[in-house]
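Visitor: Residue numbers for the sequence shown follow UniProt numbering, so the first one is 1 and each next one is one higher.
Derived from the structure by calculation, the hints contain no laboratory data.
Among the clues, some could well be false.
As the list claims (entries may be wrong) - Ranges of calculated distance between the beta carbons of each label pair, as one might list FRET restraints: (1) Arg-196 - Asp-417: 32 to 38 Å; (2) Arg-191 - Arg-256: 33 to 39 Å; (3) Pro-317 - Arg-170: 45 to 51 Å; (4) Thr-374 - His-166: 17 to 23 Å; (5) Gln-50 - Lys-394: 51 to 57 Å; (6) Thr-261 - Lys-364: 22 to 28 Å; (7) Leu-193 - Arg-367: 42 to 48 Å.
Said to hold, decoys possible - No farther apart than 25 Å at their CA atoms in a straight line, the calculated lysine to any residue pairs in the SDA-like style are these: (8) Lys-389 - Ala-312; (9) Lys-378 - His-274; (10) Lys-276 - Lys-378; (11) Lys-126 - Lys-60; (12) Lys-366 - Arg-400; (13) Lys-56 - Lys-126; (14) Lys-60 - Asp-324; (15) Lys-79 - Ala-221.
Every residue, glycine too, gets a C-beta built ideally from N, C-alpha and C.
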Amino acid sequence: LCFCFQVNSAKKQKKKKEKTVADDEVGDIQESGDFLIKPESKVASLDTSQWPLLLKNFDKLNIRTAHYTPLPNGSNPLKRNIQDYVRTGFINLDKPANPSSHEVVAWIRRILRVEKTGHSGTLDPKVTGCLIVCVDRATRLVKSQQSAGKEYVGIVRLHNAIENEHTLARGIETLTGALFQRPPLIAAVKRQLRVRTVYESKLIEYDPERRLGIFWVSCEAGTYIRTLCVHLGLLLGVGGQMQELRRVRSGVLGERDNLVTMHDVLDAQWQYDHNKDETYLRRVIYPLEKLLVSHKRLVMKDSAVNAICYGAKIMLPGVLRYEDGIEMNQDIVVITTKGEAICIATALMTTAVISTCDHGVVAKIKRVIMERDTYPRKWGLGPKASQKKMMIQKGLLDKRGKANDSTPSDWKEGYVDYSSCDGLNDNFSIFQRKREDSDSDAAAASAPSTPSAEDPKKEKKKKKKEKKQKLVEPAAEEAETEGEVGFCCWPDWTAV
């Protein structure tokens, strides 16, 4: 029995080995295959662990409904035509030493011949490493990338010798958590004291002869490593300064994630211009969806996509799938069934609430990414809207959809126009009342905190008002009496 079991387990292992795909082959499979979430009556068992970008592991998402009408518009991010691919992409650039970040970004704009480029956070001229350069549509993600965490590897030079390597290691590890920092003397910003968080730091190597230490830091955006090195020298009591610096990670992308040089970008564009070979450009540029892989996902129906691009609310009936672990006020990414990013939004419902509700606003749009009219307009096609259009054509309503003489009485009584103020008066009054109540409660709660300061002011104001009223009332009475006298004594010129 033991022998049989071993044979069976060996066979299973062989089958598993045959099924696993090598890392080199994954890219070819992703480009050749057609990846999208299809409408289906039964939940299909799929292995989506090798699916690209935002569709990875989509079979593990919670299903709200599997029924929707697929539209031919849009495409998989990896299969966009080359013009759209470049315009909705970004480059994980290895910034060279000496030129500034703005110069590098301007050069890439000229090389690729695009309208806009932006970067994920300024690097000093002498600093090298990861600089995410966003192109055209991807520049909408620049703000979120600039505020993402960063990782650096640097060299610090100590001015005097220290006891041993452990002293330096202890000093570097001490400088973690929230730290006060003032920008260096040579800085492009105002030298104001600020607080920045260092998440983790450690010593990699130390050379006691040259008094050079190599260290690694994971920190918040806007942390000055030069200032950190000065503080390290002060902490050790020997003084120190930064010698070299390299950024090894910016947000979700690091050195190992398809880092390219300026020469690679130039060569890729040259190949496309002269040989019409777009494969090099596709290797150098990544789709913008790669930057949003760490966000929680919300999959929308194709018919709801264009409405969101025009700023419509993300309502629950348009949701197909949603991810586990969505929390209130968390940043999420809203995607199509083909894996394209529509927008970044702030969640207004948790995963538990989404699974139990059947209506309501799921999230509030923070930044729309997709171009308008990529998908067709599908709003205004409901039964009520279609009936209204027919009535306008027949002349039962005027051209603006308002009631006229020939409008049926049923329509006048039953139809509520939510786009006008009249249909919302009741709701608005209720909302206003609630708001007034909350304001009064807040005022009542805050009043006891400063009674001595507020009461005399109110009394003074009341006294002033009373004085004004006393002065105004006799003046008004005099004016009235004068008017009456003048009217009575006015001569009749017509008689003369």
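Visitor: Each hint: holds or not?
Guide: Tested hints:
no.	hint	result
1	Arg-196 - Asp-417: 32 to 38 Å	53 Å, violated
2	Arg-191 - Arg-256: 33 to 39 Å	36 Å, holds
3	Pro-317 - Arg-170: 45 to 51 Å	58 Å, violated
4	Thr-374 - His-166: 17 to 23 Å	58 Å, violated
5	Gln-50 - Lys-394: 51 to 57 Å	56 Å, holds
6	Thr-261 - Lys-364: 22 to 28 Å	40 Å, violated
7	Leu-193 - Arg-367: 42 to 48 Å	31 Å, violated
8	Lys-389 - Ala-312	21 Å, holds
9	Lys-378 - His-274	42 Å, violated
10	Lys-276 - Lys-378	37 Å, violated
11	Lys-126 - Lys-60	45 Å, violated
12	Lys-366 - Arg-400	32 Å, violated
13	Lys-56 - Lys-126	38 Å, violated
14	Lys-60 - Asp-324	9 Å, holds
15	Lys-79 - Ala-221	33 Å, violated
Hints 1, 3, 4, 6, 7, 9, 10, 11, 12, 13 and 15, counting from the list given before, are not met by this structure.
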